[in-house]
Amino acid sequence: MNAPLHASPRSVMWRKVLSSAFVAFCGASVVIALVPLGFVLFFVVTQGVRAVNLAFFLQMPKPVGEAGGGMANAIVGTLLVSGLAAVMAIPIGIGSGIYMSEYSGTRVASLIRFAADTLNGVPSIVIGVFAYGVAVLPFKQFSAFAGGFALGVMMIPIIARTTEELLLLVPGSMREGALALGATRARAVCSVVVPAALPGIVTGVVLALARIAGETAPLLFTSFNNRFFTTDLRQPISTLTVQVFTYAISPYDDWHRQAWAGALVLVAIVLVCSLLARFATRRLERMHARG
Amino acid sequence: MFGALLLAIVCAIGYELIRQSMASIQKFGLAFWRTEIWDPVAGQFGALPFIWGTLYSSILALVISTPIALGIAVFISELCPAGLRQPLVFLTELLAAIPSIVYGLWGIFVLVPAIRALEAATPEPLRQLPLFSGPPLGVGMLSAAAILAVMVIPFSSSVSREVLKSVPPAQREAAYALGATRFEAIRAALFYARTGIVGAVMLGFGRALGETMAVTMVIGNNPKVSLSLFAPQYTMAAVIANEFTEAADELYLAALVEIGLVLFVITLLVNSLSRLLIWWMARTAKPSMTAEPAPAAEAA
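In order, the protein sequences belong to chains A and B. Numbering-wise (our numbering), the first sequence opens with residue 1 and increments by one. Numbering-wise (our numbering), the second sequence opens with residue 1001 and increments by one.
Read the hints as simulated data drawn from the structure, not as lab findings. Glycine residues also receive a C-beta, built at the ideal position from the N, C-alpha and C atoms. Some clues are possibly wrong.
What the hints assert, rightly or not - If we take Cβ atoms under 7 Å as the criterion, some of the chain A residues that face chain B in the derived model are:
(1) W14
(2) C26
(3) G27
(4) L37
(5) S274
Let the sequences and hints guide you as you build the complete structure.
Encoded structure:
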C-alpha cells in the first residue's frame, strides 16, 4: 500500500488525477445514497398527501369497491401495541443500561452488553416467530399482547444501549461527589447519575418507540390484523404497518392510495421523532459542555 | 436483575426456536438444507432455495453498497467541510430510520417498474448470459438487491465512520508529510482501519440477511434456485413472513421455524464476528499511537 509513496517514480500528475477522482467518487457516493432517500420521501409525500384527509384518521376501513374510509382502527392499534411494548421494555432496558454503565468493566456487564448487541441484531421476523411460540401458541389466539411482547423484545436492547451510553457521559466527579457525601451506590445512581442523564434517556426512548412503531415483520403473526375497531388487548388488533402491507400487496387502486397515506403517517412519525431527538441531544451536549 | 432478564431472552429465543422446529429437524435432518423442492401440499420441505436467495441477495447488496458506504464514510469524516458534517450524518441516519414497509411500498410502485424497464432494455446478446436470463418481470433478485443495498448503506457507513475516527491522526499526518496526495493519505488511513471496516461491512451483511418486509414485497417469492438477476426468487425471512399464518399442519410450521432458527444462528455468527472485529480494531488503535511507529513512517 505504500508503494506510490517511495517506489517507482510515478508522475505527480497521475497521482493528482487519481486523488481528485477519489475525492469525486466519495462526493458522488453521498449523492448516490441521498437520491433514493429523496425519491422515497418525494413519493411518500406526493402520493400520501393525496390520500390523507380527516376521514383517514377518523373512519374505519371500507369494504373493497367502496371508495374512502380510513385507518382509525390501525392508528389506535399501533398506539396500543407500541405502548405495551414500551411498558415492557422501558424498565428492563433502563435497568440493564444502568447495570452496564455503573458496573462497566465487570464480566457480567460485558456479557449483558453482548446479549444486548446480539438481541439487537436478531432479525425482526425471528423475534416474531419467538413471540408466536411464547405469547400466541399457549393462548391459541393472536392478540395485541403478543404484538406488544414482540415489539418490546426488540425495544429492550435499543433502550439499554442508549441508557448506557448516556450514563457514561455523566462526569465521574458527580458519582464520586455523591459517594463522598455518604450516599450508597444505589442512592448515588438513583438521585444523582440518572437524573443528570434523564433528558437524554427520554430522547432515546422516544427514538426507540419511533423505530418499533415502524416494524411490520414481528406483528404479522402476533397481533395479526383486524378489520374492526378494538381496544381489547386479548384480541387480534390492526396496526398501521400491517395494514399498509395488506393494502400494498392488494390489487385495488383505492387500497394502494390508502397504503401511501399510511406510509406518510409512518414517515411523519419517524421524522418528527428524529428531529426532536436531534434537537434535544444538541441541547444536552451544550449543557454538558457548559457544566 | 434486569440485565439477567435480557440475557434470558436471548437464550429463550434460541430454546424456543429449537423446541418448535424439533418435528422438522427430526424428520428431514440435514437433507432439509440440500433439497430444492418446497411443496407444502405434498409435505415436501427443502430449504435450499431460501438459503440461496438470502445469501445471493445479501451478497449482491453488499457488492453494491460497500463502495458507496465507504465513500460516504470517507467523505463525511475526512473530506467534507465541518458545517456540512452534521446534516449529512443526520440524512444518512434518516435512511436507516425509514420503516422497512415504506421501502417495500416504494419498491413495489416505483422501483420495480423502473427495474422492469431497465431489464426490458437489456441488449439481446447480454440476455443470453445466465446472469440476465428470463423475462423482464421487474420483481426479482435485482430489485431485492437494490433495495437491500439502500437499506444497508447507513449501517455500514456509520460504523466505518466511527472506525475511521479511531485512526490516529499521526497516520495521516505522516503520509502528508511524505508528500502523499489526499487519496494516498486516506488510503493509508483505510488500510490502517481495515479490520474495523471489514467488521462494519459484516454488520451490514447481518442486517441484509434478516431484512424482511421490503425484500418480501419485491423479490417475487418464487422458491427456485437461479443465478439470474431477473428471476423471481425467495428468501428465508420472506418465506416465514408469507407462509407462517397459512401453515396449517405441524410439520409445515416446524419447517418454517427451522428456517427461522438457521437465520437466527447465521445472523448471530455474522454479528458476533463483526463486533469482534470492530472491538479488536478499537483496542489496537489506541495504544499504537505511542507504542510503535506508524507503518507509513516505516516505509520511508
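Violations among the numbered hints, reported as their numbers in ascending order
The structure breaks only hint 1.
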